[in-house]
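Chemist: Each chain, written out:
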Amino acid sequence: MTKSKERIAFEIVNYLFLTLLSITTLYPFLNQLSLSFSTTRHAVTPGLHIFPNFSEFTLASYRAIMRSRFIWTGFRNSVIRTVAGTVLSLFIYGLTAYPLSKKGFPGVKIFTFIFVFTMLFDGGVIPNYLLIRSLGLQNSLIALIVQGVVSAFNIIIMRNFFRSIPESLEESAKLDGAGDITIFFRIIAPLSKPVFATIALWVAIWHWNNWFDALLYITRRDRQVLQIILREILIQNTGDMWADIRTSQAQDFQLVQLQAAVIIVSIVPIMSVYPFLQRHFIKGIMLGSVKG
Amino acid sequence: MPRVSNRLESSLKLSRTPLRRRNHPDVRQAHAADLRHRFRYYHQMYLMLIPGIVLLIIFRYIPIYGLIIGFKDYSFTRGILGSEWVGLYYFDRAFSDVFFLRALRNTFVISGLKLFVGFPVPILLALLLNEVYHQGIKRTFQTITYFPYFISWVVLSGLFLRIFAPGGPVNYIRALFGAEDQLLFFAIPEYFLAIVVGTDIWRRMGYAAVIYLAALASIDPQLYEAANIDGAGRIRQSLHITIPSLLPVASILLILNMGFILNAGFDQIFNMFNPLVLDVGEIIDTYVYKKGIVEFNYSYGAAIGFFKSVVGLVLIFLTNKIAVLFGGRDSSLW
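Protein sequences, first through last, are from chains W and G. The first sequence runs 1 to 292 under my numbering. The second sequence runs 1001 to 1334 under my numbering.
Hints in this document: simulated from the structure, not taken from any laboratory. Warning: the hint list may mix true and false statements.
[Stated by the list, open to error] Here are some of the chain G residues that sit facing chain W, going by a computed Cβ distance under 10 Å:
1) R1060
2) P1063
3) W1085
4) L1088
5) Y1089
6) F1091
7) Y1172
8) G1231
9) I1235
10) G1265
11) D1267
[To be verified] Label pairs and their calculated CB-CB ranges:
12) K1138(G) to V79(W): 46 to 52 Å
13) L135(W) to Y1046(G): 54 to 60 Å
14) Q236(W) to T1143(G): 28 to 34 Å
15) E1225(G) to F10(W): 42 to 48 Å
16) A84(W) to T1143(G): 27 to 33 Å
17) F57(W) to Y1172(G): 33 to 39 Å
18) P1120(G) to R7(W): 41 to 47 Å
19) R186(W) to P1120(G): 46 to 52 Å
20) Y1065(G) to I187(W): 23 to 29 Å
All C-beta atoms, glycine included, are put in the ideal place defined by N, C-alpha and C.
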């Protein structure tokens, strides 16, 4: 197939434009990556700082972060919240979505409605805050783990997937005397691995990135999640956060490099699941657009 | 095996019996028998629903019930039930509170800008990506452009505070072009708004383009072949085939997004704003946080929250109706 001159010109412009767009998207991250490896002298020189300067390369800021007590506990709390929150959510989603996927199940419309209604109308910040307080869950990771555990949106997505499984499989199991609960765990759940994987990734990223509930419910620093610690370091510049990092022999780094290193460290977990994300990401959006 | 499936099938058919025939005694009897049968057939399902329903009631419906403190003078010691009713006092107060009205206005301005400025960006991105025939290169561009979507606003705000800071890269570029001062971009209202809108569009464009790319992929290639034979060039093909086939998806997404106009992006703004730009940056959600949580005025915060939820609900129904009007049943949210 021969291409016309206009077509070739268009493709060149298109590639150039998309490359430029990709560079501007990546630039802020590259900039911080480069700063995080820089010595103070290099970091305070004005410039674009796209690539680390290898003659002034240092790991000092990463070493400082590694010694920070707050960052480590924050990291640990975030991991606990993410893992526990994701496992619990998937369990509840599956258990709830299965009955809702059966059109002949008496009451299915009412049950679906009471779930969907919470997507359209919610109590908002204040009543949720008062609820957690009166349950005595303040300063408990449980308050964070239960967030999102009854997401109607994810339940509906899962329900739609269950509907696509042929019913004949379940009927033969029923004839053999299996109950719905057995059927769900033995037949339906193993067949639904792709949808569980997709939703698990979404829920995990949501938990990892969520910070507002922690801001509301957690006041003790040793129970705090990473995002709030990051907030204090990157946005509020809280003094004792610096004291904590600085106690570890501050010779050759300043705020700029430390903050850059903190940004990079917080992105690493997302980067490490990114290959999986990519595989399931588009599938996830498409699942979301199927209604029923 | 066929026995169960036949019974199930007949019961499903029965439940679709037209209403006027349901009143016939035979039909009613059969219907009751069918319902009993379905109850028995699915009885374990009720057990499975229990955990979800209990959690739903505790963490979703109790807070909705808790909104009644917006109509009461809530005190923590007396609890929700014991607090005194004050009727619409807090709603009256909200609408004579210039700071609330300012937050309301800012919410519409920021949401509106994000919606209408940001609307064409993912469409353009999808159109350009669609012209990249090399699958590997296309995927690379896509992977890069939707990467920011997975990073929290805490980190992204920290990132941009640094990029736009005095001594940062943006001021460096300005200096290259001869500027002698260093601008505090986040402290200047116009720049603050531009950064809020711009970075939000930047964060979401790759993600939003995925939906349009799917719409592009579903266009029948025969249309292009026919256009080729008729001698239509690339541009005419885009104008007459590509863009018209994106229009339904685009207009419906636009309409449906208008239903969420009261959400101006709390996560982003709360991490980006500062006292110097309150006049353009304070939105409903940040105001609720300030009044309710910081100043302990729970009833006032709940009243504003209630107002927001109700208006949100009405907007969603309204925009959904409009979407159906424009795009037919298929474009409904439910």
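Chemist: If a hint holds in the structure, say so; if it does not, say that too.
Modeler: Consistency of the hints with the structure:
no., hint, verdict
1, R1060, "holds (4 Å)"
2, P1063, "holds (3 Å)"
3, W1085, "violated (17 Å)"
4, L1088, "violated (17 Å)"
5, Y1089, "violated (16 Å)"
6, F1091, "violated (15 Å)"
7, Y1172, "holds (5 Å)"
8, G1231, "violated (13 Å)"
9, I1235, "holds (9 Å)"
10, G1265, "violated (12 Å)"
11, D1267, "holds (7 Å)"
12, K1138(G) to V79(W): 46 to 52 Å, "violated (34 Å)"
13, L135(W) to Y1046(G): 54 to 60 Å, "violated (26 Å)"
14, Q236(W) to T1143(G): 28 to 34 Å, "holds (32 Å)"
15, E1225(G) to F10(W): 42 to 48 Å, "violated (20 Å)"
16, A84(W) to T1143(G): 27 to 33 Å, "holds (30 Å)"
17, F57(W) to Y1172(G): 33 to 39 Å, "violated (21 Å)"
18, P1120(G) to R7(W): 41 to 47 Å, "violated (24 Å)"
19, R186(W) to P1120(G): 46 to 52 Å, "holds (50 Å)"
20, Y1065(G) to I187(W): 23 to 29 Å, "violated (38 Å)"
Of the hints listed earlier, those the structure fails to meet are numbers 3, 4, 5, 6, 8, 10, 12, 13, 15, 17, 18 and 20, in rising order.
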